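One letter stands for each residue in the lines below.
Number of protein chains: 2
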Amino acid sequence: MRNIAIVGLGVVGGSFAKALRKHPVEGERILAIDPDEETLKKALEEGVIDEGETSNQRILQQADIVIIGLYPLALKEFIKVHRDDFKEGAILTDVAGVKGVLVEQLMEEIPEQVDFIYGHPMAGRENRGYAYADAEVFEGANYLLTPTEKNKKENLERLEKLITRIGFKRVTLVNPKKHDEMIAFTSQLCHVIAVSLINSDDPERGTVKFIGDSYRDLTRIAKINESLWSELFIENKVELLDAIEGFEKQFQTMKKAIQEEDSEQMESMFRESTKRRIQLEADDKKKR
Amino acid sequence: MRNIAIVGLGVVGGSFAKALRKHPVEGERILAIDPDEETLKKALEEGVIDEGETSNQRILQQADIVIIGLYPLALKEFIKVHRDDFKEGAILTDVAGVKGVLVEQLMEEIPEQVDFIYGHPMAGRENRGYAYADAEVFEGANYLLTPTEKNKKENLERLEKLITRIGFKRVTLVNPKKHDEMIAFTSQLCHVIAVSLINSDDPERGTVKFIGDSYRDLTRIAKINESLWSELFIENKVELLDAIEGFEKQFQTMKKAIQEEDSEQMESMFRESTKRRIQLEADDKKKR
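Just so you know, the sequences run in chain order A and B. For what it's worth, our numbering labels the leading residue of the first sequence as 5, then goes sequentially. For what it's worth, our numbering labels the leading residue of the second sequence as 5, then goes sequentially.
Just so you know, these hints were derived from the structure itself, not from any lab. A couple of the hints might just be wrong.
[Unchecked claim] Mimicking DSBU-like on lysine-lysine, the simulated pairs with C-alpha atoms at most 30 Å apart in a straight line are:
#: 1; chain 1: A; residue 1: Lys259; chain 2: B; residue 2: Lys182
#: 2; chain 1: B; residue 1: Lys260; chain 2: A; residue 2: Lys253
#: 3; chain 1: A; residue 1: Lys154; chain 2: A; residue 2: Lys213
#: 4; chain 1: B; residue 1: Lys165; chain 2: B; residue 2: Lys182
#: 5; chain 1: B; residue 1: Lys213; chain 2: A; residue 2: Lys290
#: 6; chain 1: A; residue 1: Lys259; chain 2: A; residue 2: Lys213
#: 7; chain 1: B; residue 1: Lys253; chain 2: A; residue 2: Lys241
#: 8; chain 1: B; residue 1: Lys46; chain 2: A; residue 2: Lys213
#: 9; chain 1: A; residue 1: Lys279; chain 2: B; residue 2: Lys213
#: 10; chain 1: A; residue 1: Lys290; chain 2: A; residue 2: Lys156
#: 11; chain 1: B; residue 1: Lys165; chain 2: A; residue 2: Lys259
#: 12; chain 1: B; residue 1: Lys156; chain 2: A; residue 2: Lys213
#: 13; chain 1: A; residue 1: Lys46; chain 2: B; residue 2: Lys279
#: 14; chain 1: B; residue 1: Lys289; chain 2: B; residue 2: Lys213
#: 15; chain 1: B; residue 1: Lys80; chain 2: A; residue 2: Lys213
#: 16; chain 1: A; residue 1: Lys259; chain 2: B; residue 2: Lys156
#: 17; chain 1: A; residue 1: Lys80; chain 2: B; residue 2: Lys259
#: 18; chain 1: A; residue 1: Lys260; chain 2: B; residue 2: Lys154
#: 19; chain 1: B; residue 1: Lys259; chain 2: A; residue 2: Lys241
#: 20; chain 1: B; residue 1: Lys290; chain 2: A; residue 2: Lys213
[Stated by the list, open to error] Residues of chain B clear of chain A, computed beta-carbon distances all greater than 12 Å:
#: 21; residue: Glu41
#: 22; residue: Asp54
#: 23; residue: Lys80
#: 24; residue: His86
#: 25; residue: Ala139
#: 26; residue: Lys154
#: 27; residue: Lys182
#: 28; residue: Phe214
#: 29; residue: Arg280
[Said to hold, decoys possible] Reference excerpt, derived from the structure (chain B facing chain A, CB under 10 Å, subset only):
#: 30; residue: Pro125
#: 31; residue: Asn146
#: 32; residue: Pro180
#: 33; residue: Lys181
#: 34; residue: His183
#: 35; residue: Cys194
#: 36; residue: Leu201
#: 37; residue: Gly216
#: 38; residue: Ile248
#: 39; residue: Phe255
#: 40; residue: Ser267
Here the structure is a predicted model, which means the values were calculated and not measured. Idealized CB from N, CA, C, for every residue including glycine.
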């Protein structure tokens with residue numbers, strides 16, 4: 005028998021619950037804590053969870069693994085409030101998109117009786133809430149773990165096993181600094197770009213009639229959860245500004261080439277980007 | 005009986021041929037001119053075209069509609085060389101991604117006996133060549149026509165009918181200036197961004213392990229045909245630089261908000277971008 009508790013049945017937590025259910029293991033029970041009664045009711049009716057509570061009564065005390073699907077600020081608060089409620093030896097993990105500041109701030113707060121392994125599923129969705137939770141979003145996606153010295157090897161292995169079991173393709177272990185540097189580039193910078201792009205449109209000119217998949221793809225993530233992302237940007241300010249400046253350099257070089265009608269320079273940049281994208285696609289297909 | 009000639013059986017011309025075949029009309033024959041014999045052979049074997057020539061012998065003389073799937077420079081050259089070969093009363097159309105300069109430069113070159121209606125299918129693909137031609141890419145896509153005073157109303161209607169028949173959702177008539185202004189924003193700026201983004205990566209740091217769909221989506225079009233796009237950027241330089249500067253303003257505002265940890269400003273920009281993206285999705289589902 006093993007109990008897995010999901011804290012926060014939103015789009016991410018809900019997807020975990022559904023993915024665990026979709027790839028079942030005998031004797032595993034899925035428990036959930038979520039303030040919204042309707043959400044719990046729905047998840048119970050759908051058979052996605054076995055038990056739910058709007059605030060912790062007895063779930064944390066039984067949970068062998070706790071997956072906390074909360075925003076960074078709420079996560080910190082949750083740990084403080086519940087530090088004495090966790091089961092001895094439990095594995096805790098989060099899903100937060102920044103790690104450096106978070107790991108540092110939580111250092112003192114993590115109770116002795118648990119093993120907190122920081123994690124980040126690279127499978128976000130633009131829509132919030134359990135209604136959009138979907139086991140499919142994890143299929144083939146990347147997962148990052150940022151272990152600390154305190155983590156036990158066997159717990160890391162158990163968590164990795166669970167992650168690949170529910171559909172993720174690749175689990176990468178990385179330190180918090182490298183995590184934040186990479187996420188600043190692959191995720192946060194992309195969101196800055198998408199938001200800036202769609203906000204630079206003139207809403208009066210009927211743009212929708214003139215779009216192809218380029219614009220559709222580049223603005224998809226402009227639909228963004230404002231409080232979560234401003235938290236993430238501020239927590240990862242230094243790395244994000246670095247990524248922004250790296251992008252600006254390339255962007256300015258291209259702008260200059262256009263101004264000067266320097267087709268040689270443009271073509272060289274296009275060849276480089278083409279080569280990189282083809283390489284990315286090939287590497288992305290590999291397992292590790 | 006009606007003959008449609010496709011000039012250039014690349015990814016775009018080939019998709020036209022396949023889409024016409026997929027949505028057949030009785031008595032319509034599909035003819036093709038392409039310098040590559042293998043391509044013609046393959047298209048004939050697949051039953052996609054009825055007749056092919058590596059250079060024009062008798063195809064243009066029979067064609068009631070000529071779809072020219074060539075890059076702008078090659079298109080201009082083709083019209084000059086073949087001005088006396090077209091059938092009296094034929095409708096000609098192109099697929100070029102810029103219109104202003106092109107329409108101006110071709111003004112004097114279009115032979116009297118034909119009706120040239122400039123067009124732009126908003127359904128590009130990153131891969132080149134007939135091997136990647138696919139009728140599906142047109143399904144639900146936008147199509148832009150930039151009629152001139154010389155175009156006959158009945159020919160415009162015939163062409164519109166053909167376009168919607170082969171899967172396009174929406175045909176918009178627009179003047180060349182507006183076309184180029186909009187395309188600078190919805191297509192060219194997006195390509196500048198995607199290329200700059202992937203080129204600002206450090207190729208040594210194993211980025212592929214840290215990507216989610218954001219980065220995949222934002223770099224898809226970084227795989228780019230270098231000679232075509234440098235032509236397009238230079239032909240549409242003024243409008244593209246305008247779009248670039250509009251984007252830069254928003255990007256700088258966001259950068260400043262991050263530097264100053266101004267979460268109120270960030271959240272306001274996120275709310276605006278979210279609203280715009282939701283509106284775009286809703287409008288994109290409509291027919292017109």
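Do the hints match the structure? See the list:
no. : hint                   : verdict
1   : A:Lys259 with B:Lys182 : holds, 22 Å
2   : B:Lys260 with A:Lys253 : holds, 17 Å
3   : A:Lys154 with A:Lys213 : violated, 55 Å
4   : B:Lys165 with B:Lys182 : holds, 23 Å
5   : B:Lys213 with A:Lys290 : holds, 10 Å
6   : A:Lys259 with A:Lys213 : holds, 26 Å
7   : B:Lys253 with A:Lys241 : holds, 20 Å
8   : B:Lys46 with A:Lys213  : violated, 35 Å
9   : A:Lys279 with B:Lys213 : holds, 18 Å
10  : A:Lys290 with A:Lys156 : holds, 28 Å
11  : B:Lys165 with A:Lys259 : violated, 39 Å
12  : B:Lys156 with A:Lys213 : holds, 23 Å
13  : A:Lys46 with B:Lys279  : holds, 28 Å
14  : B:Lys289 with B:Lys213 : violated, 34 Å
15  : B:Lys80 with A:Lys213  : holds, 27 Å
16  : A:Lys259 with B:Lys156 : violated, 40 Å
17  : A:Lys80 with B:Lys259  : holds, 27 Å
18  : A:Lys260 with B:Lys154 : violated, 38 Å
19  : B:Lys259 with A:Lys241 : holds, 10 Å
20  : B:Lys290 with A:Lys213 : holds, 10 Å
21  : Glu41                  : holds, 27 Å
22  : Asp54                  : holds, 30 Å
23  : Lys80                  : holds, 17 Å
24  : His86                  : holds, 27 Å
25  : Ala139                 : holds, 16 Å
26  : Lys154                 : holds, 24 Å
27  : Lys182                 : violated, 8 Å
28  : Phe214                 : violated, 4 Å
29  : Arg280                 : violated, 5 Å
30  : Pro125                 : holds, 9 Å
31  : Asn146                 : holds, 6 Å
32  : Pro180                 : violated, 13 Å
33  : Lys181                 : violated, 12 Å
34  : His183                 : holds, 8 Å
35  : Cys194                 : holds, 4 Å
36  : Leu201                 : holds, 6 Å
37  : Gly216                 : holds, 4 Å
38  : Ile248                 : holds, 6 Å
39  : Phe255                 : holds, 4 Å
40  : Ser267                 : holds, 4 Å
Going through the hint list in order, the structure does not satisfy hints 3, 8, 11, 14, 16, 18, 27, 28, 29, 32, 33.
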